[in-house]
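Each chain, letter by letter, is given below.
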Amino acid sequence: MSNSIINVKNVNKKYDDLVALHDVNLSIDRGQFIALVGMSGGGKSTLLRLIANLEQPTSGSVEINSSDSKSLTRFMFQEDRLLPWMSVLDNLSFSSKDKKTKKHAQELLDLVELGDYADHFSNQLSGGQKQRVALARALMTNPKILLLDEPLGALDALTRHKMQDLILDICKKQDLTTILVTHDVEEAARMADRIIVMKDSTNSYEEDCPKNRNAGQIGVVADRVLGEILDEKPVRKQLA
Amino acid sequence: MQKAVSLSERKKFSVPVNKILPFLIPIIVILAWQVSSSLGWLSSSILPSPLAVLQDGITLTASGELPKNLSVSLYRATVGLLIGGGIGFLLGFINGMSNTCRMLFDSSIQMFRNIPHLALIPLIILWLGINESAKISLVAIGTMFPVYINTFHGIRSVDPDLLEMGKSYELSKKQLFFKIIFPSALPQILVGIRYALGVMWTTLIVAETISANSGIGYMANNAEDFMDMETVILCIVVYAILGKISDLVAKSFESILLDWQKTGRSKA
Ligand SMILES: Nc1ncnc2c1ncn2[C@@H]1O[C@H](COP(=O)(O)OP(=O)(O)O)[C@@H](O)[C@H]1O
Ligand SMILES: [Mg+2]
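Going down the list, the sequences are from chains A and B. Sequential numbering of the first sequence, starting at 0, is according to numbering that gives the first Met the number 0. Sequential numbering of the second sequence, starting at 0, is according to numbering that gives the first Met the number 0.
Calculated directly from the structure, the hints in this document are not laboratory data. Think of the CB as a built atom: it goes at the ideal place given N, C-alpha and C, for glycine as much as any other residue. It is possible that part of the hints are untrue.
If we take Cβ atoms under 7 Å as the criterion, some of the chain A residues that face chain B in the derived model are [unchecked claim]:
id : residue
1  : 53
2  : 74
3  : 83
4  : 93
5  : 94
6  : 98
7  : 116
8  : 120
9  : 123
Starting from the given sequences, assemble the full structure and let the hints guide the process.
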């Protein structure tokens with residue numbers, strides 16, 4: 000049938016009287032890189048948590064189409080959420096007793112360029128290094144879907160840029176379906192195949208990004224998306 | 000350049016000084032005490048000299064009296080702590096993990112906790128006499144509460160974000176406990192155990208002084224009846240040493256079990 004892997008159908012989510020999501024319909028194709036942008040409080044995290052099965056919708060459904068359902072989606076949180084009492088390596092392999100997992104964990108640490116830090120405790124690492132460990136941990140079970148909730152928000156611009164490239168590289172190589180929540184339209188325009196704007200508790204606007212775009216095209220897309228978020232005519236100004 | 004050299008030199012000197020410093024005051028006090036006794040400023044019926052106390056210790060060790068009473072006290076302390084700490088940990092564990100248990104037990108436990116456990120001595124003597132179980136029960140009751148409260152709070156204050164992370168990584172209930180809940184509560188649990196060690200000795204001293212026919216507390220009480228000041232002081236010194244040793248043991252447990260806490264880099 001269709002190539003979609005995530006189907007969100009008529010989803011509503013209420014916290015008591017507060018409507019966090021209203022009538023969200025969304026279909027995401029296998030291997031796509033989605034950026035979910037919007038103002039804070041717009042329901043981005045809520046949508047992501049529903050897709051991750053960390054919470055249930057009040058009504059509607061979230062379907063994941065795949066043959067094996069276990070360990071299919073992995074969630075990377077805004078905070079690193081590493082376990083400080085374990086070594087970096089154990090933070091990757093902690094959910095399994097299998098001997099092979101240690102080897103796999105070491106490979107993933109090498110991938111995020113932290114191979115030499117396997118024996119360290121996480122509080123010996125910098126913020127960017129911790130996020131790379133968290134990324135490696137999310138990749139441990141070979142997920143098909145990677146959900147990233149503003150994982151780079153706390154990082155400085157340079158580290159952030161490097162992390163963006165690393166994430167893009169890994170997602171493309173491993174053919175992951177990725178949803179990245181961000182409040183940074185430039186980041187969205189730079190990384191995503193498709194940008195979805197969350198506004199007033201629903202997905203109000205979306206746009207496909209051109210392939211192999213240059214800096215100029217990224218700026219244009221970012222402006223247009225920002226305009227949609229803020230209900231303003233796109234002007235290339237210091238709006239961000 | 001000059002400055003850097005002198006700084007590093009100062010560092011070299013400060014290492015042994017730091018090691019000696021904590022012992023300085025005890026050494027001065029003991030020396031002053033010995034000198035005052037030797038010069039006759041202190042009557043031996045009020046305060047015998049350190050050397051006399053040491054002499055007494057050697058005699059009582061040779062006669063086997065001190066080792067026998069010491070091992071009896073150690074036995075009561077250890078067994079009482081194991082029982083009390085064990086019950087405290089179990090109660091803290093079930094109340095920390097289950098809301099139903101917490102609502103069922105916690106307020107009753109809090110009520111019981113507000114009774115000073117030493118006030119139970121007459122009751123316990125009436126129930127259990129002056130045999131071993133009386134002393135052990137008292138130590139157990141005294142040490143139970145600090146371990147309970149700290150285990151309970153340790154488990155309750157586990158970061159919910161980490162729990163959510165564990166669940167999203169499909170950890171089993173058992174894994175959640177051993178990988179996340181227990182290690183995160185451990186620093187607090189160890190605080191409870193360290194506190195319990197203090198309670199353990201105080202309780203035992205009082206219990207042995209009031210009703211016992213063996214143990215260090217009994218030795219002190221017995222010596223008092225015979226106006227044997229050397230032995231009275233000796234027993235106090237023995238208690239001080241036992242307290243210090245248990246504190247050191249607790250500290251070394253902490254530094255082994257919580258090695259990850261020492262590695263943090265400065266948050267500057
Ligand atoms: N667990 C919760 N309980 C109550 N309200 C919540 C909860 N989670 C989110 N909300 C509310 O839902 C709305 C959407 O939040 P969120 O999805 O976190 O927005 P975003 O991630 O876009 O900033 C907000 O108004 C927020 O206060
Ligand atoms: Mg959010």
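Structure-based check of each hint:
1. 53: holds, 6 Å
2. 74: holds, 5 Å
3. 83: holds, 6 Å
4. 93: holds, 5 Å
5. 94: Interface hint status for residue 94/A: holds (5 Å vs cutoff 7 Å).
6. 98: violated, 17 Å
7. 116: violated, 12 Å
8. 120: At 5 Å from the nearest chain B Cβ, residue 120/A passes the 7 Å test, so the hint holds.
9. 123: Holds - the Cβ of residue 123/A comes within 7 Å of chain B, reaching about 5 Å at its closest.
Violated hints for the displayed structure, listed by number in ascending order: 6, 7.
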